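Participant: Residues per chain, in single letters:
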Amino acid sequence: MRIPIHGQGPPDTQALRSPVRRHRGLFAIVASALAVAIATAACGSSSSTSSGGGSSSSSSSSGSASAAATSSSSASSGANVALAKQMVTADETPVTYGVTAKSTKPIPTGKTIAYINTGNAGGQTIYEAISAAAKVLGWKVNNIATDSTPASVHNAWSSAVQQSPDAVFGIGFNRTLYNTQLLQLEAKHIPFFDYSDNNVTGNGVTLVLEGGNGAAAAPAGSQMADWAVADTNGKANVLYVGLPTFVILNVVQSAFKAEYQKLCPSCGFSLLNIPITALGTTAPSLIVSYLRAHPSINYVVLSYDPISVGLPAALKAAGLNTKVKFVGEAPSPTNLGYVASGEEAATINQGFYELEAQEVDAAARYLTGQSIAPDQSLPPHYYWIETKNNLQSKTGFGPVDPNLYTKFKAALGVQ
Amino acid sequence: MTTGIDASTTSPAEAPKPSDAPARRLRVPRALGFRNIGAVYVWLLIVIVFAIWVPSTFLTWATVRQILDGNAVTGMLALSLLIPLSARVFDLSIGYTATLSGVITAHFLARGVGVPESIAIAMVASVLVGIMNGTIVVVLGVDSFIGTLASGLLIASFITIVTKDIPITASQLSGSFQNVGQKSILSGITLPVVYMLAIAVGLWAVQEHTVTGRRLYATGFNQDAARLAGIKTDRLRFISLIVSATIAGAAGVVLASTISSGDPTAGTNYLLPAFTCAFLGATQLRGGRFNAWGTLIAVLLLGTGIAGLGLASAPTWAPNMFTGLVLIAALAITGAQQRGLHSGLRRRFTKRDPALITAATAEPPHASATPTKEGEEA
Chain A
12 MRIPIHGQGP
22 PDTQALRSPV
32 RRHRGLFAIV
42 ASALAVAIAT
52 AACGSSSSTS
62 SGGGSSSSSS
72 SSGSASAAAT
82 SSSSASSGAN
92 VALAKQMVTA
102 DETPVTYGVT
112 AKSTKPIPTG
122 KTIAYINTGN
132 AGGQTIYEAI
142 SAAAKVLGWK
152 VNNIATDSTP
162 ASVHNAWSSA
172 VQQSPDAVFG
182 IGFNRTLYNT
192 QLLQLEAKHI
202 PFFDYSDNNV
212 TGNGVTLVLE
222 GGNGAAAAPA
232 GSQMADWAVA
242 DTNGKANVLY
252 VGLPTFVILN
262 VVQSAFKAEY
272 QKLCPSCGFS
282 LLNIPITALG
292 TTAPSLIVSY
302 LRAHPSINYV
312 VLSYDPISVG
322 LPAALKAAGL
332 NTKVKFVGEA
342 PSPTNLGYVA
352 SGEEAATINQ
362 GFYELEAQEV
372 DAAARYLTGQ
382 SIAPDQSLPP
392 HYYWIETKNN
402 LQSKTGFGPV
412 DPNLYTKFKA
422 ALGVQ
Chain B
480 MTTGIDASTT
490 SPAEAPKPSD
500 APARRLRVPR
510 ALGFRNIGAV
520 YVWLLIVIVF
530 AIWVPSTFLT
540 WATVRQILDG
550 NAVTGMLALS
560 LLIPLSARVF
570 DLSIGYTATL
580 SGVITAHFLA
590 RGVGVPESIA
600 IAMVASVLVG
610 IMNGTIVVVL
620 GVDSFIGTLA
630 SGLLIASFIT
640 IVTKDIPITA
650 SQLSGSFQNV
660 GQKSILSGIT
670 LPVVYMLAIA
680 VGLWAVQEHT
690 VTGRRLYATG
700 FNQDAARLAG
710 IKTDRLRFIS
720 LIVSATIAGA
730 AGVVLASTIS
740 SGDPTAGTNY
750 LLPAFTCAFL
760 GATQLRGGRF
770 NAWGTLIAVL
780 LLGTGIAGLG
790 LASAPTWAPN
800 MFTGLVLIAA
810 LAITGAQQRG
820 LHSGLRRRFT
830 KRDPALITAA
840 TAEPPHASAT
850 PTKEGEEA
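Chains as they are written, first to last, in my numbering: chain A, 12 to 426; chain B, 480 to 857.
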């Protein structure tokens, strides 16, 4: 219902008064709330700036001043550029399939693997990689989808128990979500092969690659340090973008800082942690804001490469694309596209197909009563630096070792 | 400029009287009142705070560009909601529609189809999504909240079929297609800002200056009454869903160009920010009605805060806290003023015609930014 009020009754003298005066109480409350929030934000700044790769990291609420200080020190000499470049050359060697031990028993066909899929791009890539290796053996893979919510993970594991497959493969979920089902699988003598989470072998877990405390992920961090120092000729001033949600990334960050400090003690280092909710939305804006506030930074290092989705456009719009480069690890296909077009300097890629072939190899050996000792380590050069010049694929993931399945079949004695 | 109880419907017979002069004088203060532009005051406060906090970097043209460029897609998606929300229809599928159009564009570009053709195919798909939504909500009579959520899931499954949940990349996405979302014009402002403004102007024209716009609002206010008054409400609701899907599809194409990829999750991240801006925008300028300029104010208000916090190196939790506080602050200001107005009207009308009290103080039954249960059709 609309009621015409203009022209009815006397003028509302209240309305003629200043809006601020009329609502000064409310205005004061709102202003105070915002001021308190912003002041709290200022006091609790998570960014830190230091030189020497973070050995003396200090909290900084006024980034500009800290960045200026960092800038002066980063330009100084002392960087071991030659070593960094030497490391980069070694780091650019891509993954190979490393299992050569011959199977002593014939591998049966017709086995079934149940795979608990995370429901995102990484989980799907792993599924494709498992399927490719399983197909070679004449095995079948049941893809049990989740949306990564605890309830869906729990249900997926219950489905896996009901299916009674020959083996279960998983990736990246906290064991507390499926501990009951894992013990049920163990009681049924069904092995579980895991990848990339905090599990350790035993108590239902047959094999975990890149697991435990995540130490196996350290090369990704050190390779990014090698690259940043080499690519800047020892004049790097790095903004490291962290994603605290993923605990395993702490290992990557620590490895980066250790290598960075070793190669270039005087190079600048700043840390910007971003929330998981910023991925795909405000992350580029947060990074660009930081770069504008700290103009001496010349390199962005991403603890998780998909953070950079949209970053090239944001850098370009801010006029920073010619001044600031970025490198990340664990790329998505979008990142591979950025590397191919030169918008991203480099990425630390992973050999998913080689790794999953190794896990299927482990399953084959386990199911035939053999030792899985040959499968305990990550494939050689599992992490490697990919640039525009040595990019394996511009559009996605696949086998990198050209002889992957030849070696795979040879080791298992499969024709 | 209006009050929450719209003056624009004053009949000609009632109009020019000597007593109108003071009323006209009221318009400027009312237009500048907290109730009308509360978010603008909050925005100004934020600008002042950051101008003091990080003066060297915040008060620059680069910041303006960053805020505009960085929020153009959010703005487009927020604007896509205005027409259906005005007709009291929720479209929860816009994020999926945006993703779908981006993925389709990338899919065809990667297979060598030209840029215009790929975009055209994506836009056709978006219109089809709108038709599907209209059929579900209007023809089948499914509640829009549930119906569009369900259709969104259908779209998501289709996206998975096409992409296998893996982003589509190709060199063609880095070529001329990037101009769609990254080309700079006018001192570094990128094209998506122009698209956003163009959509806002179009929606403003429709909502404020056409019979269709008034009928949309009427449908949203009271669908049964509007239908009894001869308005084809079902047709309007159907069309509103096509409009939202089309604008969301356009935003998806722009987003795909911006990130140079057909990402199977790209658009879904924007659903909540878009609704946030649309609802916050409804508290501005038009007193509870979803409107284009209010929505843009909301988009820029939140964008300014995020950019400023970034410049000030604020901690991880600051952006979310900021957004929550700003929403509460802006809505509290508006709500307080609304309550003040109602009290004033009550006092004024009590001395005249008690029968008017109820009508004057009644909340518009829908289209208010104050959340209401959708089932409670007036």
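Hint data in this document are derived by calculation from the structure and do not stem from the laboratory. Do not take every clue at face value.
Claimed, not checked - Pairs of lysine to aspartate or glutamate, EDC-like flavour, derived with a Cα cap of 20 angstroms: (1) B:K643 <-> A:E221; (2) A:K418 <-> A:E139; (3) B:K643 <-> A:E139.
Please read these numbers as outputs of a predicted model, since none were measured by experiment.
Participant: All the hints need checking, so say for each whether the structure fits it.
Facilitator: So, going through the hints one by one against the coordinates:
{"no.": "1", "hint": "B:K643 <-> A:E221", "result": "25 angstroms, violated"}
{"no.": "2", "hint": "A:K418 <-> A:E139", "result": "19 angstroms, holds"}
{"no.": "3", "hint": "B:K643 <-> A:E139", "result": "10 angstroms, holds"}
The structure shown violates just one earlier hint, number 1.
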